[in-house]
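Note that the protein sequences, when read in sequence, are chains A and B.
If you count by the working numbering, then the first sequence holds residues 1 to 464, one letter each, in order.
If you count by the working numbering, then the second sequence holds residues 1 to 464, one letter each, in order.
Keep in mind that the hints are not guaranteed to be accurate.
For identical chains, the list gives no copy identity; a pair is met inside one copy or between any two copies.
Stated by the list, open to error - Lysine to aspartate or glutamate pairs mimicking EDC-like chemistry, simulated, CA-CA at most 20 Å apart: (1) K116 <-> D357; (2) K165 <-> D444; (3) K186 <-> E158; (4) K251 <-> D357.
Derived from the structure by calculation, the hints contain no laboratory data.
All figures in this text were calculated on a predicted structure; none of them were measured in a lab.
Number of protein chains: 2
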Amino acid sequence: MRTMRKAVLGLLLALASAGCAQDGQRLVSLIVTNGTVVTMDDDRRVIADGAVAINGGEIVGVGTADEVARQFRAADTIRADGQVIAPGLINTHTHAPMVLYRGLADDLALMDWLQKYIFPAEAKTVSPEFVRAGTRLAALEMIRSGTTTFADMYYFEEEIAKETKAAGLRAVLGQTVIQFPVADAKTPQEALNRAGAFIEAYKGDALITPAVAPHAMYTLDASTLTAARDLARRHGVPTLIHLAETRDETKVAQERSSVSPVAYLDSLGFLGEGVLAAHGVWVSDSDIAILKSRGVGVSHNPESNMKLASGTAPVLAYLAAGVPVGLGTDGAASNNDLDMFEAMRVASLLHKLQSGDPRAISAETALEMGTIGGARALGMASQIGSLSVGKRADVILVDMTSARQTPMYNPISHLVYTTHGDDVRTTIVQGRVLMRDRRVLSLDEEAVLREARQWAEKVRTAVN
Amino acid sequence: MRTMRKAVLGLLLALASAGCAQDGQRLVSLIVTNGTVVTMDDDRRVIADGAVAINGGEIVGVGTADEVARQFRAADTIRADGQVIAPGLINTHTHAPMVLYRGLADDLALMDWLQKYIFPAEAKTVSPEFVRAGTRLAALEMIRSGTTTFADMYYFEEEIAKETKAAGLRAVLGQTVIQFPVADAKTPQEALNRAGAFIEAYKGDALITPAVAPHAMYTLDASTLTAARDLARRHGVPTLIHLAETRDETKVAQERSSVSPVAYLDSLGFLGEGVLAAHGVWVSDSDIAILKSRGVGVSHNPESNMKLASGTAPVLAYLAAGVPVGLGTDGAASNNDLDMFEAMRVASLLHKLQSGDPRAISAETALEMGTIGGARALGMASQIGSLSVGKRADVILVDMTSARQTPMYNPISHLVYTTHGDDVRTTIVQGRVLMRDRRVLSLDEEAVLREARQWAEKVRTAVN
């Protein structure tokens, strides 16, 4: 009798399910539902009790929970009650493995910091193994704090690429080219060769966009700058460069060619589509006009610029001119973390203060810079940066029920002004769930932390 | 046989225990042990694998875990492996119940924000019930983020006092005196009477320091300012006032008496020991000299000053002059949270940037302002602000094992540059454990959050 009842029930369920499919429901891999969807799409739609349908690596539906339930059924469903469903955050400037130097030295004059701590530490510790351990730690921190794409400039980027792919994150990885000998290249030519090989190895990868990262105009001569840029152009990959970060850089440019760092690079024919300039602090109105006319994107890194006392980038002027602006944390040696929520918050606070206008950089504008603005700056706006059908499924679920976030009148205000990275509960990249309800699935968290602490012992020895 | 064995075992245990006591071990109520103790005492001792012994409301021992174990045994022990044991943070300026307006309106010109949102919301919602619900929510957030003492300026402070005591927090509560009619007083005289009654009711309380809070020089006439200050002097309680927050305030002072806000208050004989000035942004060197000579403390509120575009307080000049400086979050309507770790971090970043010197406001100085500096500004440095024998047992345990905080080279750097309020695991005030391993013991968290959401519905209606 019991068996009979079970069989009938099974048949009914199968019929019901088939019935649904006949009603036009499409079977997809994952639905996130019953959260407040902050799309950051062109209409800036915010959907109460909304849902996002994902199939494979792609977003296939965005709407109210009811609408999505009518159109799709899914192999897996994640409920987002009390949570905001948002596009993954995009960190447009970091040096991921430097998390292993986090807090190694603070509150120093720039040259003391670099010459007494960072350079000696790098000279003695940077290696493929170090870079891999550092990338795993950075990936863990980024997954835990809702960053789904990052732009990186460091050494041994092929190792960073392996670990980034394994962790499941999306990244634009720039192989560093610099004039003096570094851990992965004795000469700029060797660095260029490495960059070329790296590009060949990762071209067309679903998660990794290989790039060339000429370090800065003050650490490279004109011919190497040009060669690096030519390499990137030849392969159609991005170019990442530090630009106009400090006042000292403007002095170098003045001495070399009597112009600003931006005008100097422009005189070399360096600037153009695909260039992402990190910092962009010391720029004039005519520099901004050059960056705009050449289609250069800017990474604004407010916490790093404040902590190192570099200056305040003219972000309002960039935005007014139509220069795409993303946000970056910079490396954890100078910030000291990779929390993009904090980057959005500090960007908003900083420019209100400096402009004297509390309306400057609203929460929405800050969130824009942390998502679709970053995508534009990286030339990836057709793939990421908003919850839009057809884009890659890079999605985060952010808890909004803590005391710190209660009550909630406006989810966008909360994302910028009260949310911490730790409020992210679930992180999805390319449709793969990397963290679910705070449990990281793509990395062995304990092993990553243990290994990082072991590397810290070596770093300590290196600077003592 | 079994019973026999049990009896013998019991006897042996009793003997062993008595033996310990005979070795000079003192029985105390609580020991926190096996953490890194950041004392913030006069010697700024940092003790690896340290412990703090607490008896009743008082700190009775601070040292290595071994030293403390030799001297004390405890009814209760909290292990702090992987955690920092630090003095509770001191928020020197907030309006606790305004958490219920958190994120209600942002990114507006000051007058629009006040007149279209905050004032209408206050007119329709502020009541004893509102203030109680708001205080419970604020207390929950503060306990969860490691704030153990706060200075408050709002209405119905006697209600705030009841809820603060119940939640177990320490506070300096200033009953607002303002020229125009407000929720709890139709006239300044009524407000003064309320303040007098409030002081009588709470004088000598172990947790609550009653205070008078004349709102600001621009919202009060000379005679009310003087009357409020006289009331505080008569009772020997603190005076909390907004001072030199905006450029507009300097205009009011100029019009009224051709001097600065600070000089105006000084001309009334207002300034002196026991006065805490919130903001102190628009001050000249001679204003700073006045504040120093009168023994006035300053609450620096970096996030509020940035978000409202008020300006940058000259904190380096205050510290150089020897003015005691604490840190405040301001009310959550303008910040939008009560996280003092963020206040410390932003204070450090802001003054590095504005001074152009990355050495300015080191992590240690920021932590100082968040602890012992705040205690000094409130005139409570003999009781709180450091882990020192004889002081009140206001202690927090902060987890340092997350990816964001790994590795840790320097606990003070981490407390300021990478820690979030949510990293606090355990909060102890006056020896009472208010939160243990993230479980809040002194409040019904779910009820507090539910009630706050209900109030938010009323607030929404009020401003629509």
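Taking the hints in turn, this is what the structure says about them:
no. : hint          : result
1   : K116 <-> D357 : between (40 Å within a copy, 17 Å between copies)
2   : K165 <-> D444 : within (15 Å within a copy, 44 Å between copies)
3   : K186 <-> E158 : within (17 Å within a copy, 71 Å between copies)
4   : K251 <-> D357 : between (31 Å within a copy, 18 Å between copies)
Comparing the model with each numbered hint stated earlier shows that all of them hold.
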